[in-house]
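Asker: Residues per chain are reported as follows:
Number of protein chains: 2
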Amino acid sequence: MRILVVEDEVDLAHTLHTGLTAEGYSVDLAHDGRQGLWMARTGEYALVVLDLMLPGLNGYKVCAQLRREGNATPILVLTAKDGDWDQAEALDTGADDYLAKPFSYMVLVARLRALVRRAATVAPPVLAVGDLSLDVAGRVCRRAGARVELTPREFAVLELLARRAGQAVSKADLLYHAWPDEAQDPNLVEARVSALRKKVDAAFHRQSLQTVRGTGYRLVDDRERD
Amino acid sequence: MRILVVEDEVDLAHTLHTGLTAEGYSVDLAHDGRQGLWMARTGEYALVVLDLMLPGLNGYKVCAQLRREGNATPILVLTAKDGDWDQAEALDTGADDYLAKPFSYMVLVARLRALVRRAATVAPPVLAVGDLSLDVAGRVCRRAGARVELTPREFAVLELLARRAGQAVSKADLLYHAWPDEAQDPNLVEARVSALRKKVDAAFHRQSLQTVRGTGYRLVDDRERD
DNA sequence: GACCTCGTTGACCGGATGCTGACCCAACCT
DNA sequence: AGGTTGGGTCAGCATCCGGTCAACGAGGTC
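Sequence order for the protein chains is A and B.
So the first sequence is numbered by my numbering: it starts at 3 and just counts up by one.
So the second sequence is numbered by my numbering: it starts at 3 and just counts up by one.
Mixed in with the good hints, there may be bad ones.
The list cannot tell twin chains apart, which means a pair is met if one copy fits it or any two copies do.
[As the list claims (entries may be wrong)] Calculated cross-link-like contacts (lysine to any residue; reagent style SDA-like; alpha-carbon spacing at most 20 Å): (1) 173 - 155; (2) 103 - 14; (3) 103 - 19; (4) 200 - 224; (5) 103 - 13; (6) 103 - 31; (7) 200 - 164; (8) 173 - 69; (9) 201 - 130; (10) 173 - 192; (11) 173 - 113; (12) 201 - 128; (13) 103 - 16; (14) 103 - 11; (15) 173 - 154; (16) 173 - 4.
Calculated from the structure, these hints are not laboratory results.
Quick caveat, the model's predicted, so the values are computed rather than measured.
Using the sequences and the hints, build the whole thing.
Answerer: So, in structure tokens, the structure goes:
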């Protein structure tokens, strides 16, 4: 579960990082609005914690821009002010929840958990590429309706490939997404993909997991080939 | 006993939060209608306190939408106006009680308690997953019609799994739901699930309580498996 | 074709994860 | 007080992941 914290105050950012990491999340930090926007766009985050007062590009704009791009990642807004106006505007631009500083750490974690959970139930939880489907909420994978058992790592890898179906995904991206603690070795990915191919492709005489030499892998709908 | 308060006025929301928490309820806050609707949908609340005047989506709509979805959670409506018209409309859309601001805190708590009590006796909500049914009000569990005796903790665990049937539920979520005072050890959950399996699955040669390795557990309808 | 790099995959094995029985304490009857 | 029940704690065991390594294969280049 990866979380993006967009916060320029170094102390608070650091506190959030250590706290949420201890809570079991993988936390990435962005220090200004522009960087936050960039990182959020990757769509890899289960949630974005966004300070409103930011250098460069303020939180309202980041939030509004993400929504304009169709990005539905849940956003929890933080702000020093607690006026109704701020709150209203933040929620209007598409934030999902709001917390005024100073806030209790427990409250933050509770809200955050609620948001993630809600998003999981509301968002379309099933990724589909051809007849391969991934139920992200239930952690269930099916090919042509048949259940395929995947290990957590396999699921994480296939999930990112499915989110970027048709696109080549670099091993670096896959490592970043599926190996929360920094792992480097590309062979980790190769080994997992190899295992996935057996379960998801070979067992069904398919070749949807393609190698993109020099880059990474690509997941495609391969039902009507040659 | 978990209560959802949907209220955009920060002061009032805060007052209600502290007050009701002191009263022994677990209180979650939503700050606008849309958020309130999402949170209420999880079905985890014994009661919803809903302000009518809300940004985004007003209280009438939230209420009406919940009822349309078959959600029977008791709803106590708050509003600044006290005209008969408002009251009538709120109750028509499916609210269970009505309170005009400003109101006495004592009155709120009394009404609220009454509502919870009434709801518990009047509308026994039954969760069902396959032939497993949980009567939440009566604390009764049945498999294929046969009564299964569960301890309180077992019931709490199974209840959350049933509410999120088909989805993988993390041990953290289960802890959060079934161990109100903060407990941490995942083994608590494992031990309860182990006990549940004996009563609910093994005794009926079933496997509806599935392990999702690395994540938690999932409750499914397993009646027609290969 | 020689050579090199990149990718694939099987084997191995250590560590993480989950399961469960045993034990025991605390709360609650009687 | 003595008995019963719930359930937290612990430890041992089983299972499963998945990281590591190395041998092999496939492409690409000269």
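Asker: Indicate, hint by hint, whether the structure satisfies it.
Answerer: Hints, verified against the model:
| no. | hint | result |
| --- | --- | --- |
| 1 | 173 - 155 | both (14 Å within a copy, 18 Å between copies) |
| 2 | 103 - 14 | both (11 Å within a copy, 17 Å between copies) |
| 3 | 103 - 19 | both (16 Å within a copy, 17 Å between copies) |
| 4 | 200 - 224 | within (16 Å within a copy, 26 Å between copies) |
| 5 | 103 - 13 | both (14 Å within a copy, 14 Å between copies) |
| 6 | 103 - 31 | both (18 Å within a copy, 16 Å between copies) |
| 7 | 200 - 164 | within (17 Å within a copy, 33 Å between copies) |
| 8 | 173 - 69 | neither (28 Å within a copy, 32 Å between copies) |
| 9 | 201 - 130 | within (17 Å within a copy, 33 Å between copies) |
| 10 | 173 - 192 | within (8 Å within a copy, 30 Å between copies) |
| 11 | 173 - 113 | between (33 Å within a copy, 18 Å between copies) |
| 12 | 201 - 128 | within (19 Å within a copy, 32 Å between copies) |
| 13 | 103 - 16 | both (15 Å within a copy, 14 Å between copies) |
| 14 | 103 - 11 | both (12 Å within a copy, 16 Å between copies) |
| 15 | 173 - 154 | both (17 Å within a copy, 15 Å between copies) |
| 16 | 173 - 4 | both (18 Å within a copy, 17 Å between copies) |
Checked against the numbered hints given earlier, this structure breaks only hint 8.
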